[in-house]
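Asks: Since the structure of chain A is already known, use the hints to place chain B on it.
Going line by line, the protein sequences match chains A and B.
Going by the numbering used here, the first sequence runs without a break in its numbering and finishes at 541.
Going by the numbering used here, the second sequence runs without a break in its numbering and finishes at 132.
By construction, these hints were calculated from the structure, which means they are not laboratory data.
All C-beta atoms, glycine included, are put in the ideal place defined by N, C-alpha and C.
Treat the hints with care, as some may be off.
[Claimed, not checked] Mimicking PhoX-like on lysine-lysine, the simulated pairs with C-alpha atoms at most 20 Å apart in a straight line are:
#1 B:Lys106 with A:Lys454
#2 A:Lys454 with B:Lys104
#3 A:Lys78 with A:Lys68
#4 A:Lys433 with B:Lys106
#5 A:Lys396 with A:Lys290
#6 A:Lys32 with A:Lys287
#7 B:Lys106 with A:Lys439
#8 B:Lys82 with B:Lys104
#9 A:Lys465 with B:Lys106
[What the hints assert, rightly or not] These stretches of chain A come out as covered by chain B in the derived footprint (C-beta under 8 Å, 3 or more residues):
#10 227 to 237
#11 349 to 359
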Amino acid sequence: MVKKESRSTISGISQKIFYPRADIVHTMTEGKEEKPGEFPFTRGIFPQGYRQQPWMESLASGYGLPEKTNEREKYLSKVGQAGYGGRASINLVFDRPTFCGMDSDHPMAQNELGEVGVIIDSLMDMERLFKGFPLDRLNVGFIADRSGPIIMAMYVALADKLGISRHKLRGIVCNNPLTDFYCSKTPMFPLRECLRLMVDCIKFCTEEVPNFNIARIGGYNTRELGSTAIQEIGFNLAIAKTIVEACVEEGLSVDKFAGNISFQFSQGSYFFEEIAKIRAARRIWAKLLKEGFGAEKDSICRMKIHMQTAGSSLTAQEPLNNIARIALQVLSASLSGCQSMHIASFDEALGIPTEEAASVAIKTSKIVMHETGITDVADPLGGSYYMEALTEEIEKRIVKLMERIDELGGAIKAIEEGVFEQEIADASYLLQKEISEGKRVIVGMNRFQEKDQKLEYKVFRPDPKVSSIAIDRVRKLREERDQERAEKCIEQIREAARRNEALMPLYIEAAKSNVTLGEMIRALEEGLGTFQYSPIISRVE
Amino acid sequence: MSNGRKLRVLLAKPGLDGHDLGIKLVARALRNAGMEVVYTGLNITPEETVTVSIQESVDVIGVSYLSGSHLLLTEKIMGILKEKDAGHFKLVVGGIIPEEDIQKLKQMGVAEVFRPGTSVKEIADSIGRMVC
Numbered sequence: 001m002v003k004k005e006s007r008s009t010i011s012g013i014s015q016k017i018f019y020p021r022a023d024i025v026h027t028m029t030e031g032k033e034e035k036p037g038e039f040p041f042t043r044g045i046f047p048q049g050y051r052q053q054p055w056m057e058s059l060a061s062g063y064g065l066p067e068k069t070n071e072r073e074k075y076l077s078k079v080g081q082a083g084y085g086g087r088a089s090i091n092l093v094f095d096r097p098t099f100c101g102m103d104s105d106h107p108m109a110q111n112e113l114g115e116v117g118v119i120i121d122s123l124m125d126m127e128r129l130f131k132g133f134p135l136d137r138l139n140v141g142f143i144a145d146r147s148g149p150i151i152m153a154m155y156v157a158l159a160d161k162l163g164i165s166r167h168k169l170r171g172i173v174c175n176n177p178l179t180d181f182y183c184s185k186t187p188m189f190p191l192r193e194c195l196r197l198m199v200d201c202i203k204f205c206t207e208e209v210p211n212f213n214i215a216r217i218g219g220y221n222t223r224e225l226g227s228t229a230i231q232e233i234g235f236n237l238a239i240a241k242t243i244v245e246a247c248v249e250e251g252l253s254v255d256k257f258a259g260n261i262s263f264q265f266s267q268g269s270y271f272f273e274e275i276a277k278i279r280a281a282r283r284i285w286a287k288l289l290k291e292g293f294g295a296e297k298d299s300i301c302r303m304k305i306h307m308q309t310a311g312s313s314l315t316a317q318e319p320l321n322n323i324a325r326i327a328l329q330v331l332s333a334s335l336s337g338c339q340s341m342h343i344a345s346f347d348e349a350l351g352i353p354t355e356e357a358a359s360v361a362i363k364t365s366k367i368v369m370h371e372t373g374i375t376d377v378a379d380p381l382g383g384s385y386y387m388e389a390l391t392e393e394i395e396k397r398i399v400k401l402m403e404r405i406d407e408l409g410g411a412i413k414a415i416e417e418g419v420f421e422q423e424i425a426d427a428s429y430l431l432q433k434e435i436s437e438g439k440r441v442i443v444g445m446n447r448f449q450e451k452d453q454k455l456e457y458k459v460f461r462p463d464p465k466v467s468s469i470a471i472d473r474v475r476k477l478r479e480e481r482d483q484e485r486a487e488k489c490i491e492q493i494r495e496a497a498r499r500n501e502a503l504m505p506l507y508i509e510a511a512k513s514n515v516t517l518g519e520m521i522r523a524l525e526e527g528l529g530t531f532q533y534s535p536i537i538s539r540v541e
Numbered sequence: 001m002s003n004g005r006k007l008r009v010l011l012a013k014p015g016l017d018g019h020d021l022g023i024k025l026v027a028r029a030l031r032n033a034g035m036e037v038v039y040t041g042l043n044i045t046p047e048e049t050v051t052v053s054i055q056e057s058v059d060v061i062g063v064s065y066l067s068g069s070h071l072l073l074t075e076k077i078m079g080i081l082k083e084k085d086a087g088h089f090k091l092v093v094g095g096i097i098p099e100e101d102i103q104k105l106k107q108m109g110v111a112e113v114f115r116p117g118t119s120v121k122e123i124a125d126s127i128g129r130m131v132c
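Excised from the complex, chain A in its bound form (with noise of 0.2 Å):
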């Protein structure tokens, strides 16, 4: 007789030797068979699956002077990223100053400067970065929370001097702080603040931006932290909630804008988990929508989501395994049926991806998309005993945790009161230790090292000369302006947060007056107030 070993997914998910039929209650009791495309969108969101729309490429990518980062970006297309429709496809990261929404001589900023991002001072940096980009032919991702409105509204500044109709603006600003407040703990407005800064950005998008998705709430922060899957889409699931709420209490309507706000999660490497936390993140948000929002249309209750394979997945340690590991997160990224994704680079965890490990990176998803034969099914794994048993299992469990979310007094509250950092950070303290007890095995590092493993690798390395040009750019910029028309934008501002006014129409005005993203900034930071947040440690012994 072969010893029985007790096996967990990464969320505690206690897994059986095999599924029998009896497992599959959901698909079975509820009486009507669910179609690809049908609400609640279990199955996928378009009726013809992959063959309607494959998935887009969508490298977050990004780093020095605009002007380089503009040369990355049409290297990936050259290499194959492409958005939807023949559109090209760009996903920016910002440099920590910028996220931050500090000006490169700001003295926090200029330590590092370009190292993790591009830099964007200005609307004169937006047009180095989109040069011979025309911006009615793109898919844009803005990775930029705090900064996130700030940024849109450079970009709308950047379309109207361009004289490109708003209406043909196509892409995604991630404009959720409410996850960041937790995640990379970005200095903050108080959390009610940035809530209502994110709710201006929608609602003025919702009117004069309609083909932009509007939000988008990113689980994957959550998971890099050590989170399990249950708790990346618990925990954001109940933000979107919040943040729908806040929508409803300003007038909008959800057939409205629910529609635009998109969802990102993290592609780790226990396969099936993965698919299932999919395929039940669509089913819990598509029934609250309609349930619980009175949402009319099902075509409004239809998840869109961008998978970003793990960065926290890859090892320092002989990188080229990571290609393997990154081939399987997007074969289960695909199996899940996502809109989008970002492929990591197999050096992804030494530092900026090199020009060659982005190119593989590409081609990884080429090969999956065009060789396998996975575009051809919607939902091939749909009906599956495993699958399906499973998705429900994490289905329930992460109900119950937003109901335990409720009951604390919402996301907001649970967020300002450290719940939800607490909680990751026990999580990921125990599946650390399952790593460095070899419970948990990782190749390369943990097992299966070879002997002499040196950790010696090429990394990319920005161009110390970044620095001073990006810092005497912003300063020629404020002594060539019409500093009295700069000021009385600045002052609008300020005074319209106080009082608790839209505030994109005066972005998109002080970009157009040169004025910078960090004194926007500084200028939201007066009228609103900031925030310090006391950091959490595992409370695990």
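Replies: Just chain B now, kept in the frame of chain A:
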């Protein structure tokens, strides 16, 4: 410690880097190893790192970088330590540090560099030995 006092460690994330999974795991592990740990959290300046170290009279300062700014920021911290006559602190660095930068950090006076793959136990042991 010779007088039986618990070893005190300041853990800090200087700069704007948002990656704190690693340093929080190290914080927990050092506490579990019997050390007293003060963790500053994110977004602090080199000046604040040194000021808190002096206020908390720690034995070791541990800083973590995953954003590529380790050379610039460490150099600043070392400079301020000397300025404030606080050169007795042992400074250790962890994170994504390229091979070629290890020597540079050590030349600045960094006591130890912990790179990816170092277990939290190795870090705790190494810090423990440092102050004996």
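Asks: Next, verify each hint and record whether it holds.
Replies: Each hint, compared with the structure:
no. : hint                   : verdict
1   : B:Lys106 with A:Lys454 : holds (19 Å)
2   : A:Lys454 with B:Lys104 : holds (18 Å)
3   : A:Lys78 with A:Lys68   : holds (15 Å)
4   : A:Lys433 with B:Lys106 : violated (30 Å)
5   : A:Lys396 with A:Lys290 : holds (18 Å)
6   : A:Lys32 with A:Lys287  : holds (16 Å)
7   : B:Lys106 with A:Lys439 : violated (35 Å)
8   : B:Lys82 with B:Lys104  : holds (17 Å)
9   : A:Lys465 with B:Lys106 : violated (25 Å)
10  : 227 to 237             : violated (count 0)
11  : 349 to 359             : holds (count 4)
Hint compliance for this structure: hints 4, 7, 9 and 10 are broken, all remaining hints hold.
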